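Number of protein chains: 2
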Amino acid sequence: MADDEFTLIYRYFSSMGRGEAVDLSVGDDCAILSLQPGERMATSVDTLVAGTHFPIDAFPEDLAWRAVCVAASDLAAMGAEPRAMTLALTLPEVDEYWLAAFSQGLAGVCHLYQLPLVGGDTTRGPLTISIQVMGALPTGKALLRAGAKVGDQLLVSGTVGDGAAALAFFGNQWQPPPEQAEYLYQRFYRPTPRLDLGKSLLDKATAAIDVSDGLVADAGHIAAASGLALQIDPSLLPLSQALAAHPDQQVVRQWALTGGDDYELCFTLPAGAPSPKGCTVIGEAIVGMGVHCGLDIDSAGGYRHF
Amino acid sequence: MADDEFTLIYRYFSSMGRGEAVDLSVGDDCAILSLQPGERMATSVDTLVAGTHFPIDAFPEDLAWRAVCVAASDLAAMGAEPRAMTLALTLPEVDEYWLAAFSQGLAGVCHLYQLPLVGGDTTRGPLTISIQVMGALPTGKALLRAGAKVGDQLLVSGTVGDGAAALAFFGNQWQPPPEQAEYLYQRFYRPTPRLDLGKSLLDKATAAIDVSDGLVADAGHIAAASGLALQIDPSLLPLSQALAAHPDQQVVRQWALTGGDDYELCFTLPAGAPSPKGCTVIGEAIVGMGVHCGLDIDSAGGYRHF
Numbered sequence: 020m021a022d023d024e025f026t027l028i029y030r031y032f033s034s035m036g037r038g039e040a041v042d043l044s045v046g047d048d049c050a051i052l053s054l055q056p057g058e059r060m061a062t063s064v065d066t067l068v069a070g071t072h073f074p075i076d077a078f079p080e081d082l083a084w085r086a087v088c089v090a091a092s093d094l095a096a097m098g099a100e101p102r103a104m105t106l107a108l109t110l111p112e113v114d115e116y117w118l119a120a121f122s123q124g125l126a127g128v129c130h131l132y133q134l135p136l137v138g139g140d141t142t143r144g145p146l147t148i149s150i151q152v153m154g155a156l157p158t159g160k161a162l163l164r165a166g167a168k169v170g171d172q173l174l175v176s177g178t179v180g181d182g183a184a185a186l187a188f189f190g191n192q193w194q195p196p197p198e199q200a201e202y203l204y205q206r207f208y209r210p211t212p213r214l215d216l217g218k219s220l221l222d223k224a225t226a227a228i229d230v231s232d233g234l235v236a237d238a239g240h241i242a243a244a245s246g247l248a249l250q251i252d253p254s255l256l257p258l259s260q261a262l263a264a265h266p267d268q269q270v271v272r273q274w275a276l277t278g279g280d281d282y283e284l285c286f287t288l289p290a291g292a293p294s295p296k297g298c299t300v301i302g303e304a305i306v307g308m309g310v311h312c313g314l315d316i317d318s319a320g321g322y323r324h325f
Numbered sequence: 020m021a022d023d024e025f026t027l028i029y030r031y032f033s034s035m036g037r038g039e040a041v042d043l044s045v046g047d048d049c050a051i052l053s054l055q056p057g058e059r060m061a062t063s064v065d066t067l068v069a070g071t072h073f074p075i076d077a078f079p080e081d082l083a084w085r086a087v088c089v090a091a092s093d094l095a096a097m098g099a100e101p102r103a104m105t106l107a108l109t110l111p112e113v114d115e116y117w118l119a120a121f122s123q124g125l126a127g128v129c130h131l132y133q134l135p136l137v138g139g140d141t142t143r144g145p146l147t148i149s150i151q152v153m154g155a156l157p158t159g160k161a162l163l164r165a166g167a168k169v170g171d172q173l174l175v176s177g178t179v180g181d182g183a184a185a186l187a188f189f190g191n192q193w194q195p196p197p198e199q200a201e202y203l204y205q206r207f208y209r210p211t212p213r214l215d216l217g218k219s220l221l222d223k224a225t226a227a228i229d230v231s232d233g234l235v236a237d238a239g240h241i242a243a244a245s246g247l248a249l250q251i252d253p254s255l256l257p258l259s260q261a262l263a264a265h266p267d268q269q270v271v272r273q274w275a276l277t278g279g280d281d282y283e284l285c286f287t288l289p290a291g292a293p294s295p296k297g298c299t300v301i302g303e304a305i306v307g308m309g310v311h312c313g314l315d316i317d318s319a320g321g322y323r324h325f
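Same order as they appear, the protein sequences are chains L and C.
Those letters in the first sequence? Residues 20 to 325, by our numbering.
Those letters in the second sequence? Residues 20 to 325, by our numbering.
Keep in mind that the hints are not guaranteed to be accurate.
Remember, identical chains collapse to one label, so a pair may be satisfied in a single copy or spanning two.
Below are the SDA-like pairs computed for lysine to any residue, each with C-alpha atoms no more than 20 Å apart in a straight line [unchecked claim]:
| # | residue 1 | residue 2 |
| --- | --- | --- |
| 1 | Lys160 | Leu54 |
| 2 | Lys218 | Asp42 |
| 3 | Lys296 | Thr211 |
| 4 | Lys296 | Pro257 |
| 5 | Lys168 | Pro293 |
| 6 | Lys160 | Asp222 |
| 7 | Lys168 | Val270 |
| 8 | Lys218 | Ser294 |
Bear in mind the hints are in silico, worked out from the structure with no lab data behind them.
Computed from a predicted structure; not experimentally measured.
Could you put together the complete structure from these sequences and hints?
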């Protein structure tokens, strides 16, 4: 029975399921979660497909990290606190080494972000990793895409463009110096879901989204949902050392504005409100539609899944 | 933008997201769900992979039904009431006809089982359909696999073996008469999650599971979790007309005991408790381990995903 679905799940994933909101974890027909009085549940699902979202030969430990960070970033973008997650894992074959490495990565990231693994499904097929995260939100509060007001400041956390730069590096279109190569590798495979920031913005931000498809594309969702335009000043975009040192700053600007995979928070604050630590004002909300950055960039120019 | 992920999701799936527990549906970074005071959340995820769980050329409308029914069956097996679901859909290409038919099936099954579609992810890759269901359970109650007592009756709802018979029919190993062929087709692609039965068993059954991997294999999980053995009398197995009319009753018995995909509830009731309508006593809980049926069947002989 070494290759049996149940044995696999039990062996590799059953120890990651404990958490304060978890009444029943992996091992029955459903998991059972409890919310505290005054809490609602926020939930989101993200799928990574081999060959589409990551190279076929990516390290399984890195894939586990990336899959969970990407999904957790949606909790951050709502201001929700992580409570639990499930994993739908499709594998071409039973590879004990792959599973051991993947589960090691999963255990690390589960623990770091307090996302116990409470359930899942393991099936045979082309490698696909689907993570559903569940978080808690105080009743009546949430960071939505709608809500920005004309005159609001537009901000972004961390640095942008690193995801696209990493992909250019992986695709041999650019060779960064070694220490920056390592930095970009980590940024791509272990992006930081801005959970603390998201939670702290619940009473402050008027709108928020995470930068998964590209800054312009994602800001475009805030603009559309809020019924206004967002003006971005490209000279204000926060860049990592890796990108600031790149010889072609036009390429860097393109990465920062349209590259996806940064998993930073893009949000609006009322005029005059102080910037949270680690965040940068990059523009403002104005009357109109779409996202304007003074460059010839399609406002839907972010990463498309088709 | 006709082939853009967002457009796809909005066009095909955005109208299915309303429900009493749904505070925020498709269209933001997360969906938001509310539970009533005294409720907990039960959740489960099930993945169907083309070529593994269904033929590549299966009708998309049927796939939507089957994916949701299979996932909802896990709510039934816990006694939970459906509240919402998410869909992680991986598609090899944008096929508007496929999506239109799939979403039509999804809309039908969502509506029937009160499972509004509150979120999802659409990605490019080999056809994979992952449904996560979320349901509500009264605090402190749930149908678990553990809890059966020696002397309990073992029951199953509906009829068993139809899923395996349907697969034999699809694989041209058997040609049922036309009206039974239609019945088996429907049983396979539109199995009935026993939601009302599950809920009604919350105060009655000592243990429960749904029959997805085969009666003997699934009863084996109850036996293992409850620390006892289950004795099944094969002559008591409830069979559909399609199976009762089959010329080889030995084959039928094999289907009924080890075939999966029936999505009936298998459960234990205290001795002397009346059988719920549509359910059949098929055996009892005894001292020991495993599942015994007087035939040479491996107790892990159900469907294996690897």
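| query | Among all the numbered hints in the text so far, which are the ones the structure does not match? | reply | Failing hint: just 7.
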